[in-house]
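Engineer: Read off the chains here:
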Amino acid sequence: MATAIRGIELSKSFQHFQVLQSVSIEIASGECYALFGPNGAGKTTLLRIFATLHRPSAGRFEIMGFDGNRERAKIRAAIFLIGHGSYLYDDLSVKENIQFAIGIRGWNPTDLEIKKALDQVGIGRFSKLRSRYLSAGMKKRLSIAKALLVRPKVLIMDEAYAALDELGVAMVNEFIRNFTKEGGTVLMSSHDRAKTAEVAHRVGVLNRSVLNEMSVEEMSAADAIF
Amino acid sequence: MQFFSVIRWIAWKDLLSEYRNRENISSMFFFAINVILIFSFSFSLDPETIKEIMPGIIWVAFGFTAIIGLGKSFLVEVNNDCMEYFQMLPIPKGAIYLGKFLGNFLFMLSVEIVLFPLFVLFFNLDILDQFLKLLLISTVATIGLSALGTLFSALTVQIRAREVMFPILLLPLSVPIFIGAVEATRGILSGDAFALYRHWIELLVVFDVIFVVVSFWIFEFILDY
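Chain order of the listed sequences is A and B. Position one of the first sequence corresponds to residue 1 (the working numbering), numbered consecutively onward. Position one of the second sequence corresponds to residue 1 (the working numbering), numbered consecutively onward.
Rather than coming from a laboratory, the hints here were simulated on the basis of the structure. Keep in mind that a hint or two might mislead.
[Said to hold, decoys possible] Taking lysine to aspartate or glutamate pairs in the EDC-like style, the calculated list, with each CA pair at most 20 angstroms apart, reads: (1) 93/B - 71/A; (2) 139/A - 81/B; (3) 139/A - 84/B; (4) 51/B - 192/B; (5) 133/B - 192/B; (6) 195/A - 174/A; (7) 72/B - 90/A.
All chains should be built: construct the whole structure from the sequences, respecting the hints.
Structural biologist: Set out below in structure tokens:
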């Protein structure tokens, strides 16, 4: 399998605080890699470096073979981030938000395609509702609907299950399974070991700025991983 | 083609949001009405005085209304981390600037067009036959104001003292726009021949080009730090 994400000796500091220290990671295409770690361990920072939102203080990274410093536009065309922000406009409807978010990337999905994506994540009946009235879980589902339409090569999910109900978690896992089966790569952070074990192929635990890798079985069997 | 499509999507989103929430437009409109009312009660309304002071009153009202409207232009992008989404898009960031600029320009110009009848009403102005010329000056001056306002709104939106910093940055650089707009408006209201104030309009056009091009170029660095 080709390498989709490669981080080499990545370090990141904010002011004098070292968040990541020489973190190296390699994720193959079609793989789902889950990051665990306590709050403040650096999971979000690492994901944001791969999403081109932060520049590493040291080290380098590649996404789909594109260099993280020199080929940021190509990386951005290949990735999609489902992060803490909803990236929604309160005064636009659910459908209008999707039209805008996808349209600005240069593709205008048809009404049928938008409806299909919204139905798939379970918020089809809210398509005309202004997004200011959506709950956090519905906003998360809307982000996944966007990812369904964008069809990125690499999907980065920060706290993949946050704000979702049980049906939402099952829907996300179904989505990840199908996405990786079709060759897409997922890099996610999570705090839920049981739910993550259903879809992850490999696991990394970030603690005190350092990454330790383990198998899903090892993670599931461990009493505590951090 | 994607470049122009981005501009269209951003302007569409901004105008639709503003049409629905009317937060900016109502504060701008009521501020401008206040300015017009205060000036109309402060000066005698004889035609000669009006001709002298009217250009200043018009551009004080438009200028400060612009500060209120343009200063909030990028707030909507910060609320749900939408700036982050822009940052991650595989598109030239200048297109985002031009989209925001276009939205701001159309929004500002529509407010100015609504305000013109109020000037006529409160100051007893006879400018109906000059309306197209006044619209031309408004358009040219508003391009420059919107270009600078959009840039400085993006620059100050993430800082705590943005309400203070935005006018501090915008007002000194907009001085040439205000001078050109006031002088050209004075020429129209005095009934001068076009050739006598044409150079002020040309000056405005030159500043428009400079402000739009420089802002377009700088925006990439503001967004993709």
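Engineer: Now tell me if each hint is right for this structure.
Structural biologist: Hints, verified against the model:
For a cut-off of 20 angstroms, the pair hint linking residue 93/B to residue 71/A stands: about 15 angstroms separates their Cα positions. Distance restraint check for residue 139/A and residue 81/B: the Cα-Cα separation of roughly 13 angstroms lies within the 20 angstroms cut-off, and the hinted pair is therefore satisfied. Under the criterion of a C-alpha separation no larger than 20 angstroms, the hint pairing residue 139/A with residue 84/B is consistent with the structure, at around 16 angstroms. Pair hint residue 51/B plus residue 192/B holds up; C-alpha atoms about 12 angstroms apart against a cutoff of 20 angstroms.
Note on residue 133/B and residue 192/B: the hinted pairing holds, with a Cα-Cα distance of about 12 angstroms set against a maximum of 20 angstroms. Our distance criterion of 20 angstroms between C-alpha atoms is met by residue 195/A and residue 174/A, whose separation comes to about 11 angstroms. Between residue 72/B and residue 90/A the alpha-carbon distance is near 15 angstroms, which keeps this suggested pair within the 20 angstroms criterion.
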